[in-house]
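Participant: The whole structure should be built from the sequences, with the hints applied where relevant.
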Amino acid sequence: MTQLLNSLNPAQREAVAAPLGHQLILAGAGSGKTRVLVHRIAWLIQTQGLSPLSILAVTFTNKAANEMRHRVETLLGWPAKNMWIGTFHGLSHRILRAHWQEANLPEGFQILDSDDQFRLIRRAMTELKLDEDRWGVKDAQRFINSQKEEGRDPSEITAYDHATATFVKIYQAYQEMCQRAGVIDFTDLLLKTHRLWQNHPQVLAHYQQRFRYLLVDEFQDTNAIQYAWLRLLAGHENHMMIVGDDDQSIYGWRGARVENLQRFCDDFRHARTIRLEQNYRSTGTILKAANALIAHNTERLGKNLWTDGSDGELITVYAGFNDLDEAYFIVNRIRDLQYTGHSLRDIAVLYRSNAQSRVIEEGLMQYGIPYRVYGGLRYFDRAEIKDALAYLRLIANQQDDPAFERIINTPLRGIGDRTLTAIREFAKTEQLSLWHALQLLLERQFFSARMAGSLESFMQLIRMFAEKCRTLSLHEQVELVIQQSGLIAHFRQEKGEKGIARVENLEELINAARQFEQESGAEESAQLTTFLAYAALESGEEQANISEDSVQLMTLHSAKGLEFKVVFLSGCEEELFPHYLTLDDPKGIQEERRLCYVGMTRAMRKLYITYAESRRLHGKESYHKPSRFLHEIPGELIDEIRFRTKVSRPTTTSSTTTSTATFSSSRDTPFYPGRTVTHKIFGEGVVLGCEGTGEHMKVKVRFAKVGTKILIASFLNVE
DNA sequence: TCTATGGTGATTTTT
DNA sequence: TCACCATAGA
6 MTQLLNSLNP
16 AQREAVAAPL
26 GHQLILAGAG
36 SGKTRVLVHR
46 IAWLIQTQGL
56 SPLSILAVTF
66 TNKAANEMRH
76 RVETLLGWPA
86 KNMWIGTFHG
96 LSHRILRAHW
106 QEANLPEGFQ
116 ILDSDDQFRL
126 IRRAMTELKL
136 DEDRWGVKDA
146 QRFINSQKEE
156 GRDPSEITAY
166 DHATATFVKI
176 YQAYQEMCQR
186 AGVIDFTDLL
196 LKTHRLWQNH
206 PQVLAHYQQR
216 FRYLLVDEFQ
226 DTNAIQYAWL
236 RLLAGHENHM
246 MIVGDDDQSI
256 YGWRGARVEN
266 LQRFCDDFRH
276 ARTIRLEQNY
286 RSTGTILKAA
296 NALIAHNTER
306 LGKNLWTDGS
316 DGELITVYAG
326 FNDLDEAYFI
336 VNRIRDLQYT
346 GHSLRDIAVL
356 YRSNAQSRVI
366 EEGLMQYGIP
376 YRVYGGLRYF
386 DRAEIKDALA
396 YLRLIANQQD
406 DPAFERIINT
416 PLRGIGDRTL
426 TAIREFAKTE
436 QLSLWHALQL
446 LLERQFFSAR
456 MAGSLESFMQ
466 LIRMFAEKCR
476 TLSLHEQVEL
486 VIQQSGLIAH
496 FRQEKGEKGI
506 ARVENLEELI
516 NAARQFEQES
526 GAEESAQLTT
536 FLAYAALESG
546 EEQANISEDS
556 VQLMTLHSAK
566 GLEFKVVFLS
576 GCEEELFPHY
586 LTLDDPKGIQ
596 EERRLCYVGM
606 TRAMRKLYIT
616 YAESRRLHGK
626 ESYHKPSRFL
636 HEIPGELIDE
646 IRFRTKVSRP
656 TTTSSTTTST
666 ATFSSSRDTP
676 FYPGRTVTHK
686 IFGEGVVLGC
696 EGTGEHMKVK
706 VRFAKVGTKI
716 LIASFLNVE
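Under this note's numbering, the first residue of the first sequence is numbered 6, with each subsequent residue one higher.
Treat the hints with caution; some may be incorrect.
[Stated by the list, open to error] Each pair of labels, with its calculated beta carbon distance range:
1. Glu461 to His205: 42 to 50 Å
2. Gln488 to Leu425: 21 to 29 Å
3. Ser160 to Glu304: 31 to 39 Å
4. Asp158 to Ser12: 43 to 51 Å
5. His275 to Asn204: 27 to 35 Å
6. Glu304 to Gly421: 55 to 63 Å
7. Pro24 to His623: 55 to 63 Å
8. Asp644 to Arg305: 22 to 30 Å
9. Gln488 to His75: 34 to 42 Å
10. Glu524 to Thr66: 18 to 26 Å
11. Arg305 to Lys433: 48 to 56 Å
12. Glu528 to His205: 33 to 41 Å
13. Glu448 to Glu528: 34 to 42 Å
[As the list claims (entries may be wrong)] Derived lysine-lysine pairs resembling BS3-like cross-links, with alpha carbons at most 30 Å apart:
14. Lys391 to Lys565
15. Lys570 to Lys68
16. Lys68 to Lys143
17. Lys592 to Lys308
18. Lys143 to Lys503
19. Lys503 to Lys391
20. Lys134 to Lys174
Derived by calculation from the structure, the hints in this document are not laboratory data. Glycine is no exception: its CB is placed at the ideal position from the N, C-alpha and C atoms.
Facilitator: Pasting the structure below:
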């Protein structure tokens with residue numbers, strides 16, 4: 006047992022071996038918080054004799070949950086398969102599946118993702134005859150989600166003005182549509198679980214008695230409904246350990262409430278606060294700089310990171326002439342690092358907004374440095390995948406209007422907007438699902454003979470699928486649907502790389518289903534439902550070939566929780582960072598400062614901070630002062646370099662290739678870096694570099710499909 | 001129903 | 001600037 010504690014520092018040990026009761030662990034960046042959580046779980050089981058089944062561990066992302074489960078298993082030495090470790094949404098989902106009746110849900114309820122939600126809200130607005138230009142769908146969506154996060158039903162909202170009253174009407178209509186279609190959105194997962202507990206004390210009691218010990222990660226990111234959820238589950242009897250860092254609260258804009266940390270201490274009396282301040286990640290210099298920066302924030306719970314390691318190198322600040330020059334500097338430093346034997350995966354370039362990645366990508370491309378940009382489309386979010394899943398949803402439940410809308414004319418079968426509007430209107434007046442409405446309209450011979458034919462064959466198709474699927478395994482169902490729905494044929498027609506990729510993605514879905522069959526313990530009859538929920542809740546890893554050693558490009562937000570040996574914090578200019586939309590709100594600026602703190606503390610050994618004196622933004626050249634955050638870092642920790650040569654944007658033509666050719670020395674060949682080329686077998690790719698001349702020139706090309714290859718120029722075609 | 005064109009507007013993201 | 005949308009015309 007003491008073995009468990011041996012590897013920990015005093016503060017960590019205090020947290021891990023704290024007596025039962027409530028604990029708030031204020032865990033600074035890089036202080037080993039996951040380690041503490043995982044050890045605490047092991048300690049509860051091994052020394053306190055708690056059953057693994059009486060422990061509930063909650064995180065925000067699937068990634069964090071998977072990591073925690075994995076580390077618990079490693080530490081305990083046995084599989085923790087039946088332990089409840091998961092996200093708020095995943096755990097809520099599990100509970101709602103078990104209590105669908107009490108929760109007033111259909112047995113096979115499905116989950117809407119944000120995109121489905123958007124479409125359904127838009128439809129609700131059309132039905133209410135609201136002008137989309139005046140009433141933004143996005144605004145309505147935000148309104149609805151934030152009301153739900155506060156736990157409010159449409160009937161519970163007092164509307165003092167016309168705008169709010171309108172949004173409430175939309176909320177009401179949307180909610181009714183969800184109910185009728187048998188679907189729920191992400192926030193509903195939490196809200197309906199909370200309601201379930203409130204309305205059914207015996208269900209609540211069951212979970213309260215089962216989960217005697219709750220552990221919550223990243224508590225500063227909890228919103229109102231999540232807090233209420235936890236509080237209800239904890240009741241008066243149970244114990245709770247929460248881990249968080251108020252200085253890393255960067256999601257206030259999407260409803261996260263840092264105040265929940267303080268509130269926890271008020272609500273759960275006698276909660277013990279333990280600070281983890283020893284940092285195992287960064288150099289002394291980086292920590293001093295980060296501490297100095299964050300000290301400019303007010304109302305902190307207070308924390309000072311320290312290390313017993315060395316001070317390391319100074320922070321290099323680079324003042325670029327413009328954004329190109331800034332990128333040029335970063336790329337050159339990366340090349341230096343590469344030559345001195347660093348792995349590219351240890352290097353990250355961070356920025357405030359996604360648009361900033363472009364210039365840096367172009368620079369990296371010129372030198373053929375592989376990179377990976379985070380924040381792309383995820384597997385289950387791809388249109389073709391969502392189409393296929395919509396077929397499966399409609400097969401499972403014909404009331405599923407969002408699924409119906411998605412595929413009624415995908416692939417194209419000549420069912421246009423007018424036909425659809427007629428179905429929608431009939432469905433609305435008769436309070437029916439679209440499927441049912443269509444059925445009745447066909448019976449009444451509402452449509453022209455031709456249209457009726459198309460519609461009838463669509464319904465036949467779905468009925469046939471439903472019939473056949475009864476006897477098929479999950480992956481066979483998927484296969485049947487993507488083959489015979491015409492989806493594959495449809496995307497095969499699509500020209501270029503895109504179509505090929507889509508077909509491949511669809512085929513991959515069969516594999517995903519097969520894998521799911523083997524891994525999920527679900528009964529065969531429930532597998533389709535569970536698979537669909539899995540697809541909605543776990544949108545999958547971003548696609549990238551992880552095997553290739555590449556520089557990591559991402560926003561500051563997505564960098565949270567990660568660490569890299571070398572970090573470039575780019576675009577540190579007023580109005581970009583802190584972002585101009587936050588400038589008039591002191592709270593906003595403080596959150597930006599925390600974002601900067603998060604960024605800086607990602608660096609283990611070396612931190613570069615860069616900015617540009619001028620930058621092309623929204624098509625215009627703009628000038629900004631260096632970020633105020635730079636001035637908040639003590640000068641003695643900084644080594645500032647200014648640009649030596651002006652790197653100007655070519656003023657001639659404005660195509661991408663010429664503007665980036667600033668980096669390139671080999672413009673005189675048709676195979677200059679950045680150029681798109683095609684190859685008979687490998688498809689489309691981007692030139693990274695070349696050597697030699699004429700027909701025998703060797704060209705290094707990165708192909709979308711097969712990765713980087715060096716080829717003889719004569720085998721390549723310039724588009 | 002598909003394609004071309006012009007207007008618009010432009011943080012951060014997970015489930 | 002550029003990517004997204006909505007609308008008009010084939």
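Participant: A separate judgement is required for each hint: does it hold in the structure or not?
Facilitator: Hints, one by one, checked against the model:
| no. | hint | verdict |
| --- | --- | --- |
| 1 | Glu461 to His205: 42 to 50 Å | 44 Å, holds |
| 2 | Gln488 to Leu425: 21 to 29 Å | 26 Å, holds |
| 3 | Ser160 to Glu304: 31 to 39 Å | 36 Å, holds |
| 4 | Asp158 to Ser12: 43 to 51 Å | 49 Å, holds |
| 5 | His275 to Asn204: 27 to 35 Å | 30 Å, holds |
| 6 | Glu304 to Gly421: 55 to 63 Å | 57 Å, holds |
| 7 | Pro24 to His623: 55 to 63 Å | 57 Å, holds |
| 8 | Asp644 to Arg305: 22 to 30 Å | 28 Å, holds |
| 9 | Gln488 to His75: 34 to 42 Å | 36 Å, holds |
| 10 | Glu524 to Thr66: 18 to 26 Å | 19 Å, holds |
| 11 | Arg305 to Lys433: 48 to 56 Å | 52 Å, holds |
| 12 | Glu528 to His205: 33 to 41 Å | 25 Å, violated |
| 13 | Glu448 to Glu528: 34 to 42 Å | 36 Å, holds |
| 14 | Lys391 to Lys565 | 29 Å, holds |
| 15 | Lys570 to Lys68 | 21 Å, holds |
| 16 | Lys68 to Lys143 | 28 Å, holds |
| 17 | Lys592 to Lys308 | 19 Å, holds |
| 18 | Lys143 to Lys503 | 28 Å, holds |
| 19 | Lys503 to Lys391 | 16 Å, holds |
| 20 | Lys134 to Lys174 | 11 Å, holds |
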